[in-house]
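So the sequence shown is residues 16 to 305, counted in the numbering used here.
Don't take every hint at face value.
As the list claims (entries may be wrong) - Beta-carbon label-pair distances, calculated as ranges: (1) Q202 x R126: 30 to 38 Å; (2) Y96 x G53: 16 to 24 Å; (3) R231 x E55: 47 to 55 Å; (4) L224 x N170: 19 to 27 Å; (5) E36 x S87: 26 to 34 Å; (6) V290 x A133: 31 to 39 Å; (7) R91 x A169: 40 to 48 Å; (8) R90 x A133: 13 to 21 Å; (9) T77 x A16: 18 to 26 Å; (10) A56 x A197: 47 to 55 Å; (11) S87 x P171: 42 to 50 Å.
Bear in mind the hints are in silico, worked out from the structure with no lab data behind them.
Fair warning: this is a prediction, and the values are worked out from it, not measured in the lab.
Yeah, the Cβ is synthetic: ideal placement off N, Cα and C, and Gly gets one too.
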Amino acid sequence: ALRGWAARAGWLALWRSATLERRHALAVEELAAARESGDEAAEALGHVARAGTAVEEGDLETWLAEAAAAESIARRRRMVYVEFVLHFVRLNLALLEGDDSAAEAHAEAMRTMRDGIATPALEWTDFGVAYVSAMWRPELADHVAQGMFEFYSANPSEIGQAPLLHVLALVGREDDVRAELATRPLQPMIDNWYLTADAGVRAIVAALLGDVALARSVVGLLRPATGRMAVSGISVVSGPVDGYLALALAVVGEREEATALADRAEALATRWGMVAYLRWFAERRTHLSF
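Throw the hints in and build the complete structure from the sequences for me.
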């Protein structure tokens, strides 16, 4: 039991992009220790840790198996938070797959579970759902972008800047993006649990603005994570890192490498059935001619 607790504490303490291999090993250790101690609740959390690292690694088979195992225990033991987390991941994956009805079902399930959960930032659930929906449902993006723009203008914050820039860029509000960056320039990124997702946003912004310096900084951030999924934590999945890296490389003029990485990104997205990502990325490739 102590070994399992230590593995979980270590996993959390190391929650950043560069430590994925170590976190994978700790998740395996956590799960084994939970089984050996006979603690089913700890076992469910171990399965969630394995499932989360599997998504980040782009390992579809392990994600499916570990998520199903976690859900089986959670339903039997009424571990609402575990089910909530799994719904949030599946919401994102459904949106990436272009399955809007499944995404809405996951969002509704999350709303019904909120009264049974005590966790920080729960009041931001609706914001999170709206944001990720706008990422992959173009018909919602304009409305969400305007709402986020109005809210952020009245309540500016560092953590809200990337989502705002993301949706503004998605709907082509270039003037608003430039105005925001002139008022609050992007800060240097450090390695953390949302680095690949936020670096992906910066790639999108760099492509919109033709900002070579920003694109070059993104290349440095994303190159160590090539082959993986861009994620923020566990729940917000943004699709293959290589696609965002390819955008940045195309902006700096490295078109041969950009093309090779784009092909790899499309292969991984196809394996996961990410129809919406593939549609969006094809538009970006056409726009940047690579």
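So, going through the hints one by one against the coordinates:
| no. | hint | in the structure |
| --- | --- | --- |
| 1 | Q202 x R126: 30 to 38 Å | holds, 33 Å |
| 2 | Y96 x G53: 16 to 24 Å | holds, 21 Å |
| 3 | R231 x E55: 47 to 55 Å | holds, 49 Å |
| 4 | L224 x N170: 19 to 27 Å | holds, 25 Å |
| 5 | E36 x S87: 26 to 34 Å | holds, 27 Å |
| 6 | V290 x A133: 31 to 39 Å | holds, 36 Å |
| 7 | R91 x A169: 40 to 48 Å | holds, 45 Å |
| 8 | R90 x A133: 13 to 21 Å | holds, 20 Å |
| 9 | T77 x A16: 18 to 26 Å | holds, 25 Å |
| 10 | A56 x A197: 47 to 55 Å | holds, 50 Å |
| 11 | S87 x P171: 42 to 50 Å | holds, 43 Å |
Comparing the model with each numbered hint stated earlier shows that all of them hold.
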